[in-house]
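Following the hints, put chain H in place on chain G, whose structure we already have.
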Amino acid sequence: MSRFFLWVTLLIVVMLIVPSYLEACPACKTLDDPIGKGFNFSILFMMAMPFVVFTVIGGTVFWHYRRASRKPMD
Amino acid sequence: MAQNNVDVRERPPLSNARLAILVLLGAETMLFSGLIGAFLVFRVGNVTWPPPSHIGIELPRVVTGINTALLLISGYTMFQAWRAIQKNKVKQLRNWLLITGGLGLLFLGIQGSEWVQLIRKGLTLQSGVYGGIFYVLIGCHALHVLSAVIWLFTVLGMAMAGRFSAERYTGVDTCTIYWIFVVALWPILYVLVYLS
Chain G
572 MSRFFLWVTL LIVVMLIVPS YLEACPACKT LDDPIGKGFN FSILFMMAMP FVVFTVIGGT
632 VFWHYRRASR KPMD
Chain H
166 MAQNNVDVRE RPPLSNARLA ILVLLGAETM LFSGLIGAFL VFRVGNVTWP PPSHIGIELP
226 RVVTGINTAL LLISGYTMFQ AWRAIQKNKV KQLRNWLLIT GGLGLLFLGI QGSEWVQLIR
286 KGLTLQSGVY GGIFYVLIGC HALHVLSAVI WLFTVLGMAM AGRFSAERYT GVDTCTIYWI
346 FVVALWPILY VLVYLS
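Top to bottom, those sequences are chains G and H.
At the far end of the first sequence sits residue 645, using our numbering, and the numbering has no gaps.
At the far end of the second sequence sits residue 361, using our numbering, and the numbering has no gaps.
Next comes chain G alone, as it looks inside the complex (with noise of 0.2 Å):
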């Protein structure tokens, strides 16, 4: 168990002193390219969408049982 503590304190050292081994995506590490920011605009667009579409269906869904429970009963 030890060890095993011993060689992820070595790993998380060695990718401290070396930062660049974290970068997981290739097209990130030359952002300064055209290929590079279209990739980068891209994953952002596609990041964010996820929470346009809960927001949006998740609003719609509380602003109709909002409205249900404002009105008077009949």
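Since the hints were derived computationally from the structure, they do not count as laboratory data.
Mixed in with the good hints there might be a few duds.
[Stated by the list, open to error] Derived EDC-like pairs: lysine to aspartate or glutamate, alpha-carbon spacing no greater than 20 Å straight-line:
1) H:Lys252 to H:Glu332
2) H:Lys254 to H:Glu175
3) H:Lys252 to H:Asp338
4) G:Lys642 to H:Glu223
5) G:Lys642 to H:Glu193
6) H:Lys254 to H:Asp338
[Claimed, not checked] Here are some, though not all, of the chain H residues that point toward chain G, as calculated from beta-carbon distances under 10 Å:
7) Ser180
8) Leu184
9) Val188
10) Ala203
11) Gly274
12) Ile275
13) Ile315
A virtual CB, placed ideally from N, CA and C, is assigned to each residue, including glycine.
Same frame as chain G, but now just chain H:
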């Protein structure tokens, strides 16, 4: 407590049909997000757009602009159809649905003729990234307009058979939401693909 009014059932604030169409539109939004994301990679990734291999090919911006206006008008007419059935005006509903369907078909016809001209100029699905992303993105939207038109004419047929009233119009309701989605999506695609 249900005493005399046993038949009166409590309606949920948001109907199942509306919830289903919302979930469907959420999935559709994600589909178009992926396609727009792919377009952004190619558009931002290329310094010159269209790429040098397609320099002579111009997209028909003015005609498509007019087509965009037609589709936006169809959104308004569809909204009027929805308003008409809420007031129990079935004849008006039929007329507005007919106008909306006609505008949808006109939009598809104009877009089809544009595509024929572009193919003649050499912009095809195989001609490169520019042609590929153009036909996939715009074609996917055109398929959605076509399915919306089919749905709309089905609703029109049901309206002619007297299946809708002010109390019962789920078919019109869901079709209107889908149509408005398809209409609202188009200006975004137009600006991205034709004007950027």
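Here's how the hints hold up against the structure:
| no. | hint | in the structure |
| --- | --- | --- |
| 1 | H:Lys252 to H:Glu332 | 10 Å, holds |
| 2 | H:Lys254 to H:Glu175 | 25 Å, violated |
| 3 | H:Lys252 to H:Asp338 | 13 Å, holds |
| 4 | G:Lys642 to H:Glu223 | 55 Å, violated |
| 5 | G:Lys642 to H:Glu193 | 33 Å, violated |
| 6 | H:Lys254 to H:Asp338 | 15 Å, holds |
| 7 | Ser180 | 9 Å, holds |
| 8 | Leu184 | 7 Å, holds |
| 9 | Val188 | 7 Å, holds |
| 10 | Ala203 | 7 Å, holds |
| 11 | Gly274 | 31 Å, violated |
| 12 | Ile275 | 29 Å, violated |
| 13 | Ile315 | 25 Å, violated |
Consistency with the previously given hints fails for numbers 2, 4, 5, 11, 12, 13, ordered from lowest to highest.
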